[in-house]
Each structure stands twice: as C-alpha cells, then as structure tokens.
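To convert, note that position 130 of the sequence shown is 130 in full-length UniProt numbering; the numbers rise steadily by one, no gaps.
These aren't lab readings, by the way, just hints derived from the structure by calculation.
Some hints here could point you the wrong way.
[To be verified] Below, in silico cross-link-like pairs of lysine-lysine (DSBU-like), each with a Cα-Cα straight-line distance of 30 Å or less:
1. Lys8 <-> Lys48
2. Lys151 <-> Lys17
3. Lys146 <-> Lys48
[Unchecked claim] Cβ pair distances, simulated, as ranges:
4. Asp137 <-> Lys17: 40 to 46 Å
5. Ile144 <-> Ser77: 21 to 27 Å
6. Ser45 <-> Leu11: 36 to 42 Å
7. Pro94 <-> Leu11: 35 to 41 Å
8. Glu63 <-> Ser9: 24 to 30 Å
9. Lys8 <-> Gly131: 38 to 44 Å
10. Lys78 <-> Glu133: 34 to 40 Å
11. Glu5 <-> Asn61: 40 to 46 Å
Bear in mind the structure is a predicted one, so any value in this text is a computation, not a measurement.
The beta-carbon is built from N, C-alpha and C at its ideal position, and this holds for glycine as well.
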Amino acid sequence: MTTTEFWKSYLKATNQKEENALYSGELVFEDSGFTGQTQLSLVLSGAKTATFTPLDVIEINLEPVPSRGEVYVVLDSKEEPCCIIELTDVNIVPLNEIPWDLARRDGENENLSDWQDKMREYLEDEADLCGFEAREDSKIVCEIFKVIYKK
Numbered sequence: 001m002t003t004t005e006f007w008k009s010y011l012k013a014t015n016q017k018e019e020n021a022l023y024s025g026e027l028v029f030e031d032s033g034f035t036g037q038t039q040l041s042l043v044l045s046g047a048k049t050a051t052f053t054p055l056d057v058i059e060i061n062l063e064p065v066p067s068r069g070e071v072y073v074v075l076d077s078k079e080e081p082c083c084i085i086e087l088t089d090v091n092i093v094p095l096n097e098i099p100w101d102l103a104r105r106d107g108e109n110e111n112l113s114d115w116q117d118k119m120r121e122y123l124e125d126e127a128d129l130c131g132f133e134a135r136e137d138s139k140i141v142c143e144i145f146k147v148i149y150k151k
C-alpha cells in the first residue's frame, strides 16, 4: 500500500475530508543502536510515545521545530506505511533537565541514568556529524505523540 492509499484509508476510517485533514509528512523511527523496525515495534506496542532530537540538528538542517497537532504517516524499514501519529505536545528542554517521567516515554530504558547515557551518546554522534558542540545543557526537542491509526 502506498502512503497516499494509507492516508486515504485513514481519512475514510475517521470520516475526514482531505481538504480539512492535517498531513505533516512521513516519519521513520531510527536511532543508533536500534533498528528502525525495533523503534517501530515500540511505537506500535505503545511503549514509545516520545522522540527526542537535538535542537541544533533541526536548526542546522533549516527545518521548522515540530508543533502540537502535526500528523505523520510512519513508515517501516521498507518504506511501507504502518501507522499514523499525532504530536500531542512539543517541549524544548535542556538535556540535563529532562525528567524521568518524560524520558521514559522513549520506551527503551529502565531508568533515567541509562536513558541519559544513551542520549549523550546520540547527542555526541549528531554533534560530530552536524558540527555543533554537545553539552549537558544542549536543548532537546521532546515530541510526545499518540498513535491515531494503524493498518
């Protein structure tokens, strides 16, 4: 099924008209140390309800900061659509101030310390790749979402 066909099936199932529906694009869950398919499994199971991106990466790539209400078609590793998510909240928080109740929404770690270690490694990798300085107080875009449609 194409992304367009999947989107149309979502619109039909939710009784929405295409001209009134918000479509923000496609999204693939990837992270170092985890395959996209593992991340996707966490999303589909409900264990993962947030994603975290360094603000520097968004700014360097000249992308807009995501905002509440955006709706994305989530693709699997074969670029097949498998669900649709809606951003329910977006916060920009320094890495060293992200609390466990927010970090646990990532769905991958058992405690804040493990999550922080993983995020520091991710931040350093992105900093090396994009050319910014990774710091303990680097601002992180925290996107909280919910799955609103599955195939």
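Hints, verified against the model:
1. Only pairs whose Cα atoms come within 30 Å are accepted, and Lys8 paired with Lys48 is accepted, the gap being roughly 25 Å.
2. The suggested pairing of Lys151 with Lys17 holds, with an alpha-carbon distance near 19 Å, which does not exceed 30 Å.
3. Between Lys146 and Lys48 the alpha-carbon distance is near 9 Å, which keeps this suggested pair within the 30 Å criterion.
4. Checked against the hint of 40 to 46 Å, the C-beta distance between Asp137 and Lys17 comes to roughly 45 Å, which is consistent with it.
5. As the Cβ distance of Ile144 to Ser77 is approximately 24 Å, the hint placing it in 21 to 27 Å holds.
6. Ser45 and Leu11 have their C-beta atoms about 25 Å apart, which leaves the hinted 36 to 42 Å range violated.
7. Remark: the range hint 35 to 41 Å for Pro94 to Leu11 is upheld by a beta-carbon distance near 39 Å.
8. For Glu63 paired with Ser9, a C-beta distance near 28 Å keeps the hint of 24 to 30 Å intact.
9. A hinted range of 38 to 44 Å for the beta carbons of Lys8 and Gly131 is consistent with their spacing of about 41 Å.
10. Here the CB-CB span from Lys78 to Glu133 is close to 36 Å, well matched to the stated 34 to 40 Å.
11. In this structure the supplied range 40 to 46 Å is violated for Glu5 paired with Asn61, their Cβ-Cβ distance being about 29 Å.
The structure fails hints 6, 11 (numbered hints given earlier, in ascending order).
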